[in-house]
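S.K.: Here are the chains, one letter per residue:
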Amino acid sequence: MRNGVLLSVRDLHTWFEMRRLGFFHVGYVRAVDGVSFDLRRGECLAIVGESGCGKSTLIRTILALETPSKGEVIFENRLVSGIEPRHIKWYRSQVGYVQQDPYAALPPFMTIRQILDEPLRINGIPSKREREWRIKQALTEMKLTPVEDFLHKFPHMLSGGQQQRVVLARARILNPKLLVADEPISMLDASVRVEVLQLLRRTQEELDLAAIYVTHDLSTVRHFSERIFVMYGAQVVEQATTSELLEHPSHPYTQALLDAIAEPDAENARRMRVVPAGDPPSLLRPPPGCRFFERCPHAMEGLCENEEPPDFVLSRFHRVKCWLYQDEKVLSADERAEKEIS
Amino acid sequence: MLRVEDLVVHYRTRAGTVQAVDGVSFSLGKGRTLAVLGESGCGKSSLGRGLLRLLPRNVKTYSGSIFIGDLDTMALGNHRYRRDVRWQRLALVPQAAMNTLNPVLKVGYQVAEPLLVHRQVNHKSEAFKKVSGLFSLLGLSSDFLNRYAFELSGGMRQRVAIAMALIADPDVVILDEPTSALDLLTQANIMNVLKQIKKDMGMTFIFITHDVGTASELADDVAVMYAGEIVELARAGDFYTNPRHPYSEKLMASVPTLREEKELQFIAGQPPSLINPPVGCRFAARCHKRLPQCAEQEPPMVNVDRGSQVKCWLYQQSDALIGGGENEERRSSFGA
Chain A
5 MRNGVLLSVR
15 DLHTWFEMRR
25 LGFFHVGYVR
35 AVDGVSFDLR
45 RGECLAIVGE
55 SGCGKSTLIR
65 TILALETPSK
75 GEVIFENRLV
85 SGIEPRHIKW
95 YRSQVGYVQQ
105 DPYAALPPFM
115 TIRQILDEPL
125 RINGIPSKRE
135 REWRIKQALT
145 EMKLTPVEDF
155 LHKFPHMLSG
165 GQQQRVVLAR
175 ARILNPKLLV
185 ADEPISMLDA
195 SVRVEVLQLL
205 RRTQEELDLA
215 AIYVTHDLST
225 VRHFSERIFV
235 MYGAQVVEQA
245 TTSELLEHPS
255 HPYTQALLDA
265 IAEPDAENAR
275 RMRVVPAGDP
285 PSLLRPPPGC
295 RFFERCPHAM
305 EGLCENEEPP
315 DFVLSRFHRV
325 KCWLYQDEKV
335 LSADERAEKE
345 IS
Chain F
19 MLRVEDLVVH
29 YRTRAGTVQA
39 VDGVSFSLGK
49 GRTLAVLGES
59 GCGKSSLGRG
69 LLRLLPRNVK
79 TYSGSIFIGD
89 LDTMALGNHR
99 YRRDVRWQRL
109 ALVPQAAMNT
119 LNPVLKVGYQ
129 VAEPLLVHRQ
139 VNHKSEAFKK
149 VSGLFSLLGL
159 SSDFLNRYAF
169 ELSGGMRQRV
179 AIAMALIADP
189 DVVILDEPTS
199 ALDLLTQANI
209 MNVLKQIKKD
219 MGMTFIFITH
229 DVGTASELAD
239 DVAVMYAGEI
249 VELARAGDFY
259 TNPRHPYSEK
269 LMASVPTLRE
279 EKELQFIAGQ
289 PPSLINPPVG
299 CRFAARCHKR
309 LPQCAEQEPP
319 MVNVDRGSQV
329 KCWLYQQSDA
339 LIGGGENEER
349 RSSFGA
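One line per chain: the protein sequences are A and F, in this order. Note that my numbering has the first sequence beginning at 5, numbered continuously upward. Note that my numbering has the second sequence beginning at 19, numbered continuously upward.
No lab work stands behind these hints, which were simulated from the structure alone. Hints may be right or wrong, so weigh each one.
[Stated by the list, open to error] With a Cα cut of at most 30 Å, we get these calculated DSS-like pairs of lysine-lysine:
#, chain 1, residue 1, chain 2, residue 2
1, A, K147, F, K280
2, A, K147, A, K157
3, F, K216, F, K48
4, A, K147, F, K307
Produce the complete structure using the sequences and hints provided.
M.R.: And the structure:
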């Protein structure tokens, strides 16, 4: 394993078996279908995609909440995927998870103090004084002050933004090395979104955490991450630095996604948007070729529908899974590793 | 086309009276779209339901006047309102409409039902002909008529829900968050459909949303709601370039944009409780431009230039100046 790599995801596949009447095998829903990447310490990665593209399953597999059908997740040189839950308790304390819906993520019958106390107790901090101190520190960091007002409240007594800040406090209270946030601001109102996003960013920077930020909203990514993956049909179809992706979106899907975003501008009402028709492919029987083929405006007859495009390399950090770029050099896995080392 | 004056919708709850909509007034011309912008709990959905008189049982006060053309709908009894106004003059695409379709009826029949109920057509086949015409306008193929809701994708179901609202040729259609549960590409598709209908049929929409960006897709006018009141009413062009109310300003500053480099801002604090709203301006506690009188006196709706209205003390004094200045300008231009 190379230095500095915290999390390594190797050719990850998570397939769910479909059975009819609970018995007859029908096939597999390929929720994650061949995803590989490395995440270094302190590095931020954003994963963008629409609902059903497999982004949530991907991070659930990374969090060891799902067992991959193939491939592995390696954290600090130790395998964490496909291992019995009781043997990877150490891993849970290293990863903070910020869920999408804060109200559903917080147990309604526990006070904020109990919610934040539990992970500390489970992970063996016996001193009550230290636990108390860490709870107060986490709440102060998340600007839930005065702390005493919040300790005895139940989640339903807080606003959505405050609830999400409690979730964030809980995720960072064990000083993890990796923070995983699954659509952390999509359930919040516009005026408090930015506050939570900034707190998330600040936590990440101050503690030098690696972070995975999953979202469907491209316009918030810029304010969080320098590196971005676009997922479609269970695969990563384009990866690049955020600024490069915004300036030179290369995959037709990324282009469509960027074009569909409604910026606040009164001119919008005067023009129609060009949007690819149709729906994402079924993951039970994905098409043999490119998964975006049916909706793609640049689809090439005979090629795209039959053969799956490999990752074509456009620049150091920019890769795209599309036949349009077949003239670019294709790197084998070895060459790619070499290039990364250099 | 539609004129609303001093609409009040209050709910009775155990904790007290919730003033969900508190004195809302606006008017809307034919073929125009008013976007009602606001955060959750600001009363925007209650406004939509109030306009259609689709109210829950715990309503305490429901008053004000709603004129559609010359028809004073508030003067009508419930029976006549249902017969003459609801769906014939005013229709609604409810929130998460795609999940409101009846699972055991074919979608074609569901869309045709208002025509049959209101006796706009004499025969079922006639109704279905109209439905299939509308389906093709919305980009739905006509063999969807005989399908059930579960056989359609989210975007298709949303189109069916829009067809249901349009079928009886209403004067005004209220869209309550028509795209918020959909994916980005589907969202853009639905907005295209709505734009097309607006252009082809000259439909008048009230577009209720929390999303400042999506609102700009359809809006001619924008009304910003905060804590049960409209705090700013302006033309879309003016609003998006120059929001007046401090709340609108902050709201716009909090929207992340794709290409433009800007410092994002947020509004500290929370909206006030609608059970016991503050006496003065309801935004005063969170406002960055607060004046001494804000906490004590409710600001009036002030006319600013070009038909914008702002409910804020900041514009009270300057009102006379701007108004005067503009009058003079106008006079001089007439002179020339």
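S.K.: Determine for every hint whether it applies to the structure shown.
M.R.: Right, here's what the structure says about each hint:
Using a Cα cut-off of 30 Å, the hinted pair K147(A) and K280(F) holds, with the two alpha carbons roughly 23 Å apart. Using a Cα cut-off of 30 Å, the hinted pair K147(A) and K157(A) holds, with the two alpha carbons roughly 15 Å apart. A hinted pair counts as satisfied when its Cα atoms are at most 30 Å apart, and K216(F) with K48(F) qualifies at roughly 11 Å. The straight-line distance between the Cα atoms of K147(A) and K307(F) is roughly 23 Å, inside the 30 Å bound, and the hint therefore holds.
Hint violations for this structure: none, all hints satisfied.
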